[in-house]
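Add chain G to chain U, keeping to what the hints say.
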Amino acid sequence: MSKKKISHLPPIKHLNLTRRHFVKATSALAGAGILSSYGLPLYAASNVDEMMKMYQNANIDWQSQKGSSIVLSGLEHPWMASIEPLIPHFKKLTGIDVSVQKQSESEYVAEVPVKLGAGNPTPDVYMVWSYGQAANAGWLESLDQHFDNPDLFDKNWYDLGDIFDSAKSFPIWNDGESYVMSITAEAQTMFANQNMLDAAGLNIPTTFDELLSSGKKLKSGDVAGVAMRSKADGTAGSWPGGGFVFSNGGVIIQDGKCMLDSPEAIEAIHYYGTILKEAGPLGVGNYHWYECLNDYMQEVCAIGMDSSNFAGDIENPEKSNAAGHTTYGAMVSGPSGKRAKPNMWHWMSGINSKSQNKAAAFLFLTWANSKPTCLMSSALGLATTRTSAWESDGFKSAFGAQAATAALSNLQNADGKIMKDCWFHPQSGEILTPFGIAINEVVTGTKSAEKAMKEATAKINKALGV
Amino acid sequence: MNQFKKEKNKFIILMLMPATILLLGLTLFPFVVSFILSFTDYSLLRPGQTKFIFLENYIELMKTKDFWIALRVTVVFTVFAVALQVVLGVVLANLLHNENANVSFLRTIYLLPLAITPIAATFTFRLMFNPSLGVLNYFMKILGFEPQAWLASPSTALFSLIIVDTWQWTPFILLICLGGLASLPNEPFEAAKVDGANSFQIFYKITVPMLYPFISLALLFRSIDAFKTFDIIYVLTSGGPGILTRTLNLYAFKHGIEYLSMGYAGSIAIVMLIITIIVAQIFLRKNKLLQAKETLR
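So the sequences go chain by chain: U and G. If you're matching positions, the first sequence starts at 2 in the numbering used here and goes up one per residue. If you're matching positions, the second sequence starts at 147 in the numbering used here and goes up one per residue.
Isolated chain U (complex conformation) (with noise of 0.2 Å):
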């Protein structure tokens, strides 16, 4: 039973294999052919001079930089793990030293702000955690101003065609400036276990209810059902519990009003702890999203719900006991009877404002984005935002053909500006972290979902001064 299924996924409207995206796909891939024909991994250092031939197309003065040094700060996170090794084709392409600078999730969403808040020229380049903050008080720089500097952008080339379209709305601040460039594209995607599925007679769950009833049967004495985030923190059950409220018709932000007093939102909320109280695994209030892909992989857990990237990691049989039995899933609707909305993300680059070596930090920025890169990228498993990453035949055999179709069908279901309304919020620190608090408190059961979202909406909209 190791084959994988293609779960009730809704059909993929906007990405069917249109002739253009067929002839952009195919071009790309012959590029990557011209490598794999070496027998050598796309990223291996020895095919650096092939890898330059792609660049050099372009119509980019690379090494306008040379002898300028950059630093790169990012947090743990497949982007950073697939990124790091290719720097030695951008060392070569351009002549720019990079230094990495990587942390650990809450370690760089508490260190990087206070640097750039403090003025500091560094990091150069930095992934970015909270759009909304950075652009309103003024931490990255404009790159509209750069994408029209012939030097060093090339329009054709690059190919902003190829790219996802809601990665190319996401960067475009409401000044109409874009400040950052979308890296990765991820939707709340479901994980189950075949395997464990199948042994107690259930399909992949399609609602809250069947989530729970499935769960519970799921459960054992050394089995969670479902492991979801929700650790007493902004960064933790935000994201996951963001999307069971929009799949109940709930929005967390709207006319910069908290609205997760409503009774979409509580419903949603209360459904994500009983879940996690009655399906869960022991101590699942102090699960973040390291605890959750963890237990799936080492198979102590049914079923997860989270970012669509763990499918690198699950589908890496060094890693994870999943790998070949995992069906990936679309997200689960609410009792509400409304379509089903996952939340979504994609992870975003910038250029500090205050960085000295601007043009270097760009040039870095557009190799990163660059066709040829996120091929060898998405051949890591990365999960880029661009159409011919993830149609390679690289992609689907490190990501997983099934999970990529399950995680293109969360994106195109995903509704991108209720997302932006609350994580794109200047004081979005201030939203999601009553908000992760009040998800813990459901789970954990120290308040009803009620009484939480009652507080921690009046909390915000204090914070929020409304």
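These are calculated hints, taken from the structure and not from any lab test. Only a predicted model underlies this, so the values are computations on that prediction, with no experimental measurement involved. Where hints are given, some of them may not hold.
Claimed, not checked - Below, in silico cross-link-like pairs of lysine-lysine (BS3-like), each with a Cα-Cα straight-line distance of 25 Å or less:
# : chain 1 : residue 1 : chain 2 : residue 2
1 : G       : K211      : U       : K463
2 : G       : K287      : U       : K218
3 : G       : K197      : U       : K116
Same frame as chain U, now just chain G:
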């Protein structure tokens, strides 16, 4: 001669200068900055729009329920953690002091937690507390008990943090008390033995009272330090479940680093400082450390 004295003074001042500058830079300067910031609405999100708001941050703090919850958690954590550490530290110091050289290696073992990087030890505890894969629940199952959600349950989270803090800091009390025991005169102990006192009576009636100045000192240092605990709580629970383990330091961190409201965070830090000074002063006056030293002589 005067010239020599002047030169000598200059030399002393010159030699002390680097350490003094460093000390002032690392203690006085941040304090003054925090103090000034606490009267403003300074936020890293609006660096150019800072306004002087006098006591508004403090008034807001006093009106906020979360502040009082954090204060209560901090006090409970400090009192129970330090009390447990003092009891264990004094008992262990007494046992080690009375042992012969054959078990002297135990001193080294007991002091090891002090030498381990706190964050590394905390991550190890996180693994040990893991409900499904941790060693604690493994032993609980072997002993026939129900496994526990150590860090996620409202009933055990704070207790677990106290255990970690106790593991780390009991050796500090032990070290001070061992030094104290080594400096105590032998005569009272010998006299007690001649009078027929048993080990417990000697410990309770003679050792502890004579050790009191050392215990007081250790208690004061540890209380101040425990009041400021941050790392173990941040790593193990992030203040959860809910806000049941969120101490004042963590509360200040949330406002300063996560919400970037430096003015408000500064007011929390200043309130913590005031509480520490008041408690330390009361403690010092009540305990009359100097008088206790007199009794030793």
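Quiz item: Any of the earlier hints contradicted here, and which numbers?
Solution: Violated hints: none; all satisfied.
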